[in-house]
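**Student:** As they're listed, the protein sequences go chains L and A.
Going letter by letter, the first sequence gives residues 1 to 308 in my numbering.
Going letter by letter, the second sequence gives residues 309 to 586 in my numbering.
A couple of the hints might just be wrong.
Computed list of chain L residues with no C-beta within reach of chain A, every gap over 12 angstroms [unchecked claim]:
no., residue
1, E76
2, L100
3, L110
4, G120
5, R132
6, T171
Examples of chain L residues toward chain A, derived with CB under 7 angstroms [unchecked claim]:
no., residue
7, D35
8, Q64
9, A65
10, I85
11, P285
FYI, nobody ran anything at the bench for these hints, they're computed from the structure.
Note that CB positions come from ideal geometry on N, CA and C, so glycine has one too.
Residue strings, one per chain:
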Amino acid sequence: LNAPGDHSGGSSAGPIDFCGIELAHPIINASGTFDAIAARRAFGDQLLARFPFAAFVSKTVTLQARQGNRPPRLWEVAAGLMNSIGLPNKGLRGYLAQDLPALSELPVPLIVNVMGFSRGEVAGLVRAFDERARVAALELNVSCPNVETGLLMGADPREVTLLLDAVRPLTDKPLIVKLTPNASDVAAVAHAAEQAGASALSLINTIRGMALRPGTAEPWLGGLTGGVSGPTIREIALAQVRAVAEAVQIPIIGMGGVQSGADAWNLLAAGAAVVAVGTESFRDPLAGGRIASELASLRPQRRPVGHN
Amino acid sequence: MTGVRAQRVAAPLGARVVPVARRSRYGAYVVLECADPDGPRPQPGQFYMLMAAERWGGGAAERPWLPRAFSVLRAATDGADAVSLQFLVEDVGPGTRRLCELAPPEGLSLVGPLGNGFAPPRDGRRAVLVGGGVGIAPLAIWQDELGADATVLVGFRDAAHASGARLLSGPRVATDDGCSGHHGLVTELLEDELDDDSHAEVYACGPVAMLQAVRLLCAVREIPAQLALESGMACGFGACFGCVVQTRHGYVRLCLDGPVLEAAELSPEALTAPGVGH
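Next up, chain A with everything else stripped away, as it sits in the complex (with noise of 0.2 angstroms):
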């Protein structure tokens, strides 16, 4: 690791329940807002165990029964010194489903901040940020620190999930289906942002196929890339050794040596694991 990172914030220990504040939808995505009392600002990129504290588990076949790993949507201190946290949470599994279910103010139980964010942008690059689907979640609490200076580029599916992009200030849209903004990939706009201009810093997260084409976008351009992943995880901060990613100096658990890693220290495999269901 090459970034300059802020100090890491240590996490409360223990599983906290906190009520949920308010749930708001966009298109296919649900923010979830809780204030939280005892935690300390989260850094950009670091990530919370969630579960609902009433009903997590006892669903189809049993499950959830695991907590699940978010990436902080976007953080804000107010007055009362509580620090005021959002989710975004998309229904892909038994998980997620149950947290999109959660209203206020029902419990929702957290473990964090964990985990390594974002480092700011070496020698004076510029920060490009690209995200794609529910991965889009970092970006917006980088964006927030990051101010105007940061380019945004998002890319989403189709109508329904590009309401996300409303979540972010002034993005540019790709969508699949061409529904709104470039018609194809993100990675496209990202393609022209760097041949415009090739010293930036890229912040990407998003599905594996996205990640592996900034990878090798940014790798010919010897522009560095910090990637946000995603593994499957059972506990978070270290103990179940079950979020490994393939780095060239072995496997590192992602969730303490993570979840932001540099594009370059990843071997090429670590981008092939499959997707989990949340």
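Next up, chain L with everything else stripped away, as it sits in the complex (with noise of 0.2 angstroms):
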């Protein structure tokens, strides 16, 4: 694990160590990028022989089941992807029965994302995590609005300090908060997340935008806006990380337009100890594997080729 603020762009290669969790290569995958079950569907075993990430990111779950946005849903950016998805999951008790035992047939280790429209409701998932022993560490989906008070949990540091008081006692497993890039200061955001006992912090999510139907001034998105991802959020990313990386100690998960290992390299030269993929696993499912051994070949010392 690099030493926070060590920003050498990681020391060694081989297996690090995340919060206690063991991981081959520094290469995950964005939460709600990979459905593992239906890529193991489309490809079949392969997919386990050849699994691209060093740890699963499941989609959000959240309390109750949740059908998502309706169409359209996506809309292809200058270099990249805006999604109105809107959470489509089975809800917990569905994700429990059908979708863990799936999950826990990968060869690495399973981090569960979470979301709730109240801190019971966050508080519950959870919980109900815990008691799971296949699930190595939670993250925490925090932007969505708090529907007793209306803010946007992850915009607001007295929020998130409210939330992680609410669920810090319940698990001993790693709760990471993956921390919404659509807020005014994403570090005061991100140190409140530490002093309230955060164990890591992943960034960044996909960034507002809207885009009309054309020739007309109505939404296209089903879901009115969407969430901007890809290579055009590269250098958001990095600033991002880079701020928050200089205002905490835990460890941050790096993510936004990572394409290659170059791409990884600096974010994690920016502070980031473990690196997301996302969007790129839409264009190849092997993307974080080649990502991977990319960055492997770059470390220690080579630095990567600007882009100039």
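Using the hints, put the two standalone chains together into the complex.
**Tutor:** What follows is the structure, given as structure tokens:
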């Protein structure tokens, strides 16, 4: 594990320790960008033999099942994608009964991403997963409004503090707070999360955007606005990871537009301990594995090629 | 799903780059052909995610960036075990434009075959294949498999598009402008067919308005119909949840549970989603 503030771009290849979880390499997936159960249907058991990530982060689980937003859900942007998926999932009960047993067959540690519309809901989710030995860590998706206060949980340091005060005592598993970039001071939220007991932080989530149906004033996406991801947000991610790394000591999962080992190297150099690959996996389901081997060939001394 | 499908074949994991072996023009359409040495032979109705290996991105408005989904037009197995694949492309946006530019031996990146294809006709029904525009693609490989027993009806906008009819064997053609075949809609040809002999199973692919008409024609006659649908897809293997269509059982991911779906399973609003610029 890189010491926070060690901006050397990583010092050794091989296994790393992330919050007590051993990872074979520093590349994992971003939540919601890879469905390992669906991918196994499409590609068969070779997925297990050549699993592209060092840990698997599942799509957001909510207490109740969700259908997700009405289509259209996608809009291609310059060098990236805007999506409005709406967190479809089977709900906690369906996840525990169907998804968790299937995901337990993956050859890597499992991180479960959870989201609640109130602190009580998040607490219920954390309690349920605390009992599951196969779950190595929990990631808290705070990019949603608290229905009790109307505030975006992850945009306000006090909301994050109150949330962690409520859920931190409920589990000894690592709690990763997935920060939203749609906040005025992401580093302040990060600092509050660390003070309140977060084990790690992950960033950046998608950046809110909108597209209009061509020639009209109507939003294209069924959900009206969406989240922008892909290479188009890469430099925004780098800036936010650096700002957060300077504000906290806990490890950071950096993500945003990573397409190559050089992109991953840059996020490590900016202070991340682990790098998540998201939208690039849509173009190639093995992108994570390719990026991990490219990164291994860059580390430790060789600097990535610049873009000029 | 009530049809009996062949066992789904698993795609090789990961995007593979193969050289384009041949590019042919059929009026408004381009047929790209490549050999896929690693892939299994696709089932009719299955699809691939395609990108140009080079210069994908960086075009007008920095698009395309995501791969595009294409039903396989035709597949053949040659002596050397490689599967020869053909795809039908029409230039309607930045991704399809770039694919249409590909010349041998430029690289084509593909992921697939993906999804569920067509199931054979039930209860000794005769197969009636209905295609509109670039949607004729999966009908060609399905006709190859069904043989001479299948009736094929295709509709096109104008003469440039009607050149695509040459990709099928003995089709009945309808054109919007009357330049060739029946002057009118392909669904009018379908109506005649079904009035003549309703012991049929319909297989259709084309614009949503055509599919909606096919669905209604079949529903009132209680004729089973399998529709090959299209939806904007970012990944093709169930990761992005972007390509959902509304069925009687809620949203399903078209890439995993389709692209061929039973018409009777769809909710009415499934065929009202706006098209997407490829």
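**Student:** Against each hint, give a clear statement of whether it holds in the structure.
**Tutor:** Consistency of the hints with the structure:
Distance check for E76 of chain L against chain A: the nearest CB is about 5 angstroms away, which does not clear 12 angstroms, and the non-interface claim fails. With a least CB separation of 18 angstroms from chain A, L100 of chain L remains clear of the 12 angstroms interface cut-off, as annotated. No Cβ of chain A approaches the Cβ of L110 of chain L within 12 angstroms, the least distance being about 17 angstroms, so the stated non-interface status holds. With 12 angstroms as the threshold on Cβ separation, the claim that G120 of chain L sits away from chain A holds: the shortest Cβ distance comes to roughly 27 angstroms.
Listed as outside the interface, R132 of chain L is consistent with that label: its C-beta sits roughly 23 angstroms from the nearest C-beta of chain A, beyond the 12 angstroms cut-off. For T171 of chain L, the non-interface assignment is confirmed: its Cβ lies about 28 angstroms from the closest Cβ of chain A, beyond the 12 angstroms cut-off. Interface restraint check for D35 of chain L: the shortest CB-CB distance to chain A comes to about 5 angstroms, inside 7 angstroms, so the restraint holds. Residue-level restraint check for Q64 of chain L is violated (minimum Cβ-Cβ distance to chain A is 14 angstroms; threshold 7 angstroms).
The restraint placing A65 of chain L at the interface with chain A is violated, with a minimum CB-CB distance near 9 angstroms, outside the 7 angstroms limit. Of the supplied interface hints, the one on I85 of chain L holds, with its beta-carbon coming within about 5 angstroms of a beta-carbon of chain A, less than 7 angstroms. Against a cut-off of 7 angstroms between C-beta atoms, the interface hint on P285 of chain L holds, since the closest Cβ of chain A lies about 6 angstroms away.
Violated hints for the displayed structure, listed by number in ascending order: 1, 8 and 9.
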